[in-house]
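So the protein sequences, as listed, match chains A and B. Note that the working numbering gives residue 449 to position 449 of the first sequence, counting from 1, and the numbers run on in steps of one. To convert, count from 1 in the second sequence and add 804; that's the working numbering.
It is worth saying that the hints were derived from the structure and are not from the lab. Nothing here was measured: the structure is a model prediction, and the numbers come from that model. Any given hint could turn out to be false.
One-sided and incomplete, this derived list gives chain A residues near chain B with beta-carbon spacing under 8 Å [what the hints assert, rightly or not]: (1) I20; (2) L25; (3) W26; (4) F32; (5) E148; (6) I179; (7) S208; (8) E217; (9) N238; (10) D240; (11) I429.
Using 25 Å as the maximum straight-line C-alpha spacing, the simulated DMTMM-like pairs for lysine to aspartate or glutamate come out as follows [what the hints assert, rightly or not]: (12) A:K19 to B:E1175; (13) A:K673 to A:E693; (14) A:K53 to B:E1025; (15) A:K268 to B:E1100; (16) B:K1260 to B:E1175; (17) A:K300 to B:E882; (18) A:K300 to B:E1175; (19) A:K336 to B:E1071; (20) A:K176 to A:D116; (21) A:K231 to A:E282; (22) A:K171 to B:E1071; (23) A:K300 to B:E1025; (24) B:K1001 to A:E217; (25) A:K47 to B:E1175; (26) A:K268 to B:E1000; (27) A:K266 to B:D1230; (28) A:K286 to A:E324; (29) A:K317 to A:D302; (30) A:K266 to B:D1069; (31) B:K857 to A:D116; (32) B:K857 to A:D652; (33) A:K176 to B:D854; (34) A:K266 to B:D917; (35) A:K231 to A:D270; (36) A:K140 to A:E81; (37) A:K300 to B:D1112; (38) A:K266 to A:D201; (39) A:K61 to B:D854; (40) A:K62 to A:D116.
Glycine included, C-beta positions come from ideal geometry on N, C-alpha and C.
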Amino acid sequence: MVIESLKTYQLNALLEVPKIQTNLLWDLTFVFSALGILYFFFIFYYKRRIRLKSELIARRKKDVAPMISTFLFHETEDSKEEKRNYVELKIAIRELLKDARNKEVIAEVLLDLQKDVSGDARKRVYRLYKELELHLEAIKKLDSWRWEIVSKGILELTQMKVTSSYGFIKKFINDKRGIIRKQAQISAVTLTHEGINFFLDTTRYKISEWQQLKLLEVLQNLEGFIPPSFKVWLTSNNRDVVLFSLRLIKHYHQIDAGIAMIPLVKHKNDQVKAEAIFCLKEFRVKEAKETLKDIFSNCKTDIKIMILDFLAVLGEKKDLFFLENIEKRETNFIVKNKIHSVLNVIQPGTIVPTSEIDKDLDKTQERKTQIKPIPTNTLVMEEDNPLPPKENIDSFGKEQHNSLDNILDADNEDEEIFNLCFKEELEDILNELEEESEFTAILPLDFLPVVTENNEFLVEDKAPTIEEKELDVDLGNSLNDEFQEVEFQLQLEDLLDGLKKEDIDDVDIKNIDVVEASFLPLVTNDEIEQTPVQIDSDKISINEIEVFHEPVDYEEDYFEMYRELLKVEWMPVEESSLPSLDKSIDWNGITQSLAPVETQPTITNNTETMTANVKTKPLNSLPEKEKTMNCFSIFAEMFRDSDKESKLILLDEILAVGEEKELEFLNIVKTDKEKSVRIKAEKIYTQLAKSLENKANEKQDVLSHKKRSGVEVISGNPIVKEGQNDAKNVGKLSLDEQEKALENYLDIEFDLSLETQEQKDGKQHKLKEPTEKEPVKKEVEISEKAGFLNSIKKITLKFFNTSA
Amino acid sequence: MDNGVLHILIEYLNVIFLLFTTILFTMFSVMGYLSTRNSLHYKHKNSFVDLSKVMASPMAPSITIIAPAYNEGLTIVENIRSLLSLKYVNYEVMVVNDGSKDDTLAKMIEAYDLYEIAYTPDPGWLSKPIRGVYKSKQRSFDKLTVIDKENGGKSDALNTGIHLSRNQYVGCIDVDCLLLPDALLHVVKSFYQRSEKKVIAVGGVIRIANSCKIEGGRLQEIRLPKNWLAKFQLLEYTRSFLLGRMAWGRIDSLLIISGAFGFFDREIALEVGGYDTNTVGEDMEIIFRMRRHMHERKEPYTVEYIPDPLCWTEVPESAKILVNQRDRWARGNLETLYKHKDMFFNPKFGRLGMLSYPYWFFYEWMAPILEFLGFFSIIMFYFLGILNIEFFIAITFMVYTFSVMFSLYAILWDVYSYNQYTKTKDILILVICALVEPITFHPLVVWSAIRGNYKKLFKIQSGWGSQVRKGFAKT
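Kindly generate the complete structure, drawing on both the sequences and the hints.
Next up, the structure:
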C-alpha cells in the first residue's frame, strides 16, 4: 500500500512540471536591455575619451617638447639673454612639475627623446631627467602594489640609466610576479656591468627564451662591457642559467669553455644538449668526439643531425667505421642522408650513386676512353632513394640549372676530368701572372710626405724596388703643391682648434706657419721663421707685432649703442673703490657730448664700473658690497619675483654661471627672510668665491709665466700697446701699461680684412707684402685715440700664408 | 490524458530549452569576464615590450611560412611580395602550388625568376607527389621556396611544407592573407615568452580586409566593409576572436587555431603526423591531436593566442559562398568531434575533456541543430495549439536582448582595446548589425550548419567549395 502510494507520488512528481517563472525571464530581458544600452553609451564615451586623451597628451607634449629641447641644448657659453631664458625655462618647468600629469608627460617626452638621440645629447637627457627629480617619482612607483606600476617604474629607471636605483631594483630579481621579475632582471643587467653576474648567481626562476633574447640584446649594447667567463655558470642548478650561459659562451666566443661543455652533451634537456654540441663544433673541441659518438644512438633526430655536423667538421678517417655502422642501423631517411654526406666529406667518393646511371654504351663510349672506371664501394645507395633525374622543364622552355649542391656533391666528381680542368686552370693562372709581371704599376705615392728643400721629387728615394717605368708626368711640382695645400689645411685646422679656447695663450703654435685671423686680435712678430719653432706648450712665444694706429670714425651707430648701455640701471659705485682711470681721458666731456640730457654723476660712475668690469682683477680689488637690491646681476630681477623654490633653483644657477657681481648679489640674498634661502646663499657664496678665486689664480699664474717669457696676454686678449708703433717692444710691456691698454679694449673694432689700412693720424705702418719665404705676420692696428666713449679704434689682423 | 502527457512533455522541453539557454548565457558571461581580464593583462604586459629588437637577434628562431596556393593566379605575385616584406630576418616563405589548373606556377616563376633545384623525396613521407622545388636566382628572393605538387588538398599541401621545412617553427597561412609587417615578431614572442610550459602552437585574430585600403601589399587604411554580409561577419569575428578565444586562451583550453594564421612547433607537428588530409576541419583537428599528444607525454604545454590584429583576409560577400564556407566548417567540426570522442567528459584530458570538448559539442555543434529543430517545433506547436505563447515570447526577447548585449560588449571591447573603426558612422552601423543580426544573418549561419551536418551524417560527398577572390583592392 505504502509502496503503491509512493509510486503514485513519484508519478505525480513526474507529472508536475516545474513552473517556469516568466516574470524572471522578463526581468532578465530588462537587465540585458539595460546593459545593452549602457554598453552602447560606453562605446561612444570611450571613443571620445580615447580621442581627447590622445589629443591632450599630444598637445602637452607639443608644449613641453620644445622647452625640453631648448633646455637640453643650452650651452654655458651662451649670451646673457640666453642664460636668462634658460633660467626662466627651468623655473617654468619646475612649475609644470607641480602637476602630476605634467610630470608624466615630461617623463614620457624624455623617454621618447632618449630613444631618438645618442651620445652627448642622450647623456644630457639623462642628466635632465635626474635634475628634474623625475627619477624619484619612478622610484616611488616601485612601492606600488600594482604590478604594472612597479614594472613601469623599473622600465623608466632602466631606460634613463639611473644607476643609483640599482639597489632598489635588484631585490625584484626573484619577485614572484613574472612581469616585475623580468623587468628587474633586464634592469639589473642594463644598469651595471656586474648585473649579469648577480643575475646569473641569484636567479631562482626559469628564464624564458624571450627573456634570454632580451638580456643578450642588452649585453650586446652595453658600452665597455667585458664579459665574464661564463663557463662558471655551466654547473648551475638552474637549467636555464646553464642554457643561457652556453648561449653567451657561443656569442662571446669563449673558447676556453670548450672542455667544460663536454659533460653537457649528456644533459637531459635537448636544448642544452643542442647548444653544447653546437658550441663544441664551433670551437673545434676534438675531445668531445668520443662522448658524442657514445650518445649518438640514444638521441633524437635533431641532435643526431647536430652530432653528424660535428663529425663533418672534426671527423677523421678513423671515424669512418663508426659512421658506417650507424648508417647500417639507421632507419630515418634524413639521418641516413646526413651520414652519407658526412662520409663523403671525410673521405670523398665513399658514397657514389649506383642507380639510374646512364647505361647507354654509345653515349658513354667517349667518357670511358677519358676517365678511369669509378671504383665501386660496399656502401651503395639503396634503389629506393635515387637521385632525381635532371630533366628539362619542356613546358617553360628553360634549361634546368644544376644546383650548387649537385655541382659540389662528391658523388658527381670525376677525378680525371677534374685533373684536366685543374691543369688548364693552373696554366691560365700562370699565364696571367707572367703578363702581370710585364706591367709596371704606377704606385699612388702622393700619400708620402715630400721634403721641399729644392722642390725635388723625393719619392724616388722611397720607391719600391720593383721595376718601374719612367713617369711621363712630372709629379714633382704638382705633388709639392698638393702637399703644401694639405699641410696648410692641417695647420689651419690645428690653429682653429686652438683658437677656440678662450685664452689665446693656450694656442699651441708649434709648427704652425699659418695663422688665421680670429675674433681676438693676436699680436705677433712681423717676422716669423719659416721653420717651425719648437715651443713647449707651456711657453708660447708670440712674435713681435707691428702696431698700426688709425683715427676712428665716429659713427652714429656707436653712439646709439652707448646710449642704450647708459639706459641700463647701474649700481652706483663709490668713486674711491674704482680703479684709477686714465686721467687723460675726459670722461665727463665724453658723457656730455654723447648724452647731453643725462649728465648725472651716476653715468660717469657707471661707465667707470663697466670699464673696471672688463678687467680681470684679483678678488680683493673688487668694490665693496652694496646693501641694496639694485645689483648688476641678471638674477636680481628674477629673484625679486620668485617664490622660495625658484629662489633655490636660481641659487644653483648662480653657482654654475655666476661671476663677481653675483657675489655681491649673494651677500644681499643672505639677508633673505627664508631660512633655507639664506643657508643656501651662504653655501653658494662660499663655493662661488672659491671657484672665482681659483680661476683668478690660474690666470695670474699664466700672466706671470708669460711675463717671464716676454709675452703678455690678459684675459685671452692680446696686448694692445697704445701708441706704440714698434711691435717688438710688445713683450716688454708692464702690467700697468697692459691695464691701460685694456681700458681701450672696448674701443677696439676688429677688422678681419686682409688689406692694410692707413692711419688717419699720420702714423702709418705699411705691412709687408707676404712673400713665399716671409714668415707669418700678425698685424694689429690700433686706433691711437684712447678712451671708452671718445674713440673707436680699429684693429686689423693680417695673416699671411707662405704658401699663397 | 494524451493531451496532458503531451502538454507535460512540451513543458519539459521548455524547461530543457531554458536550462540550455541559461547555461549558454552563463558561459558567455564568464567568457566575457575572462576575455576582459586577459585582454587587460595582455595590454599592460605588452606596454613594456619592444619587439623590434628581436628582429635580428642571434637567438631569434627560424620560421617557415607555408602558404598553400590553388588557382591563385590573380593575386599570387602580390601576396608573395607581401609575405617577403615581413620585419624579420630568420624566416623563409614556402608557397605550395597544390596542382593549380591556372597559371599560378608560371606567374611565380616569371615574377621571381625561379629555377628548379634537385630534390630527393623522403619515401617515408606520404603526400601527393612533388613535381618540383623551385628557388629564385635572385638574392633578394632567396627567402622564397616554391613547391609544385599534385593536387592533394590544403592539408596535404601544408604537410608537404612542414616536412620540407628545416626550421624550428612553421606557420600555416592562407596565401591571400595579409600579414602585418611585425606579425612574426609577435609570433616569436608568443613562442618564447613562456618558461614553465612549452608553447606548441600560436594562433591569432583574423580581421576582415574587405573594403580596406591596401597598397603595395601593406594595409594603409582600415575601413568598414561595404557589403552587409561582410559587416555581419565582422561583428561575428569580433565576438568570436576577441571574446571567445581570448577567454579560452586565458584558461589554456583553446581547441582551435584559425587556418589562416596558425604557427606550430615543427617537431611536435611532425610527431603527430601533420594535418589530417581526411577532414575539412584540419585547423581544429591538428590542435586536438597536438594537445592529446602533449597530454600523453605528460609534458606541460600551452597553446598561445595573440589578440593583436596581425592577419587580414577577405570574407565571402555572397550568400552562396558563405553558406559553402560554413557548411565546410560544420562538417569539419563534426568530423573532429567524432574522431576525438573519447575526450568527451574525460578527466584524463583535464579542462579539455571536461570543459572545452563539451562546450564544442553542445554549443558549437549541437546548438544550430537545436535551434533549427526548435524553430520548426514552435511552428508545429503553434498550429497544434499547445504552444506556451507567454513563455515563448519571454524567452525570445530574453535571448534576443542577450545576444544584442553581447554583441555590443564585443564592439565596446574592440573600441577600448584597438579602436580600429574610428568613425562614429562605422560604430553605428555595427550597432545596427548587432540589432539585426539575430534575425537576418544568424539564420543563414544556422542553415549552413544544418546543411553541413546533414551532408556529413548522410555521407554526401562535398569538398571545399570555391572562394571567389577579388584580391585586395589597390588604390
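Hints, verified against the model:
| no. | hint | in the structure |
| --- | --- | --- |
| 1 | I20 | holds (6 Å) |
| 2 | L25 | holds (4 Å) |
| 3 | W26 | holds (6 Å) |
| 4 | F32 | holds (4 Å) |
| 5 | E148 | holds (4 Å) |
| 6 | I179 | holds (6 Å) |
| 7 | S208 | holds (4 Å) |
| 8 | E217 | holds (5 Å) |
| 9 | N238 | violated (11 Å) |
| 10 | D240 | holds (7 Å) |
| 11 | I429 | violated (28 Å) |
| 12 | A:K19 to B:E1175 | holds (23 Å) |
| 13 | A:K673 to A:E693 | violated (29 Å) |
| 14 | A:K53 to B:E1025 | holds (22 Å) |
| 15 | A:K268 to B:E1100 | holds (19 Å) |
| 16 | B:K1260 to B:E1175 | holds (18 Å) |
| 17 | A:K300 to B:E882 | violated (40 Å) |
| 18 | A:K300 to B:E1175 | violated (51 Å) |
| 19 | A:K336 to B:E1071 | holds (18 Å) |
| 20 | A:K176 to A:D116 | violated (34 Å) |
| 21 | A:K231 to A:E282 | holds (16 Å) |
| 22 | A:K171 to B:E1071 | violated (38 Å) |
| 23 | A:K300 to B:E1025 | violated (48 Å) |
| 24 | B:K1001 to A:E217 | holds (23 Å) |
| 25 | A:K47 to B:E1175 | violated (36 Å) |
| 26 | A:K268 to B:E1000 | holds (16 Å) |
| 27 | A:K266 to B:D1230 | violated (61 Å) |
| 28 | A:K286 to A:E324 | holds (20 Å) |
| 29 | A:K317 to A:D302 | holds (24 Å) |
| 30 | A:K266 to B:D1069 | holds (24 Å) |
| 31 | B:K857 to A:D116 | holds (15 Å) |
| 32 | B:K857 to A:D652 | violated (40 Å) |
| 33 | A:K176 to B:D854 | holds (23 Å) |
| 34 | A:K266 to B:D917 | violated (46 Å) |
| 35 | A:K231 to A:D270 | holds (19 Å) |
| 36 | A:K140 to A:E81 | violated (37 Å) |
| 37 | A:K300 to B:D1112 | violated (36 Å) |
| 38 | A:K266 to A:D201 | holds (23 Å) |
| 39 | A:K61 to B:D854 | holds (22 Å) |
| 40 | A:K62 to A:D116 | holds (16 Å) |
Violated hints, in rising order: 9, 11, 13, 17, 18, 20, 22, 23, 25, 27, 32, 34, 36, 37; the structure is consistent with all others.
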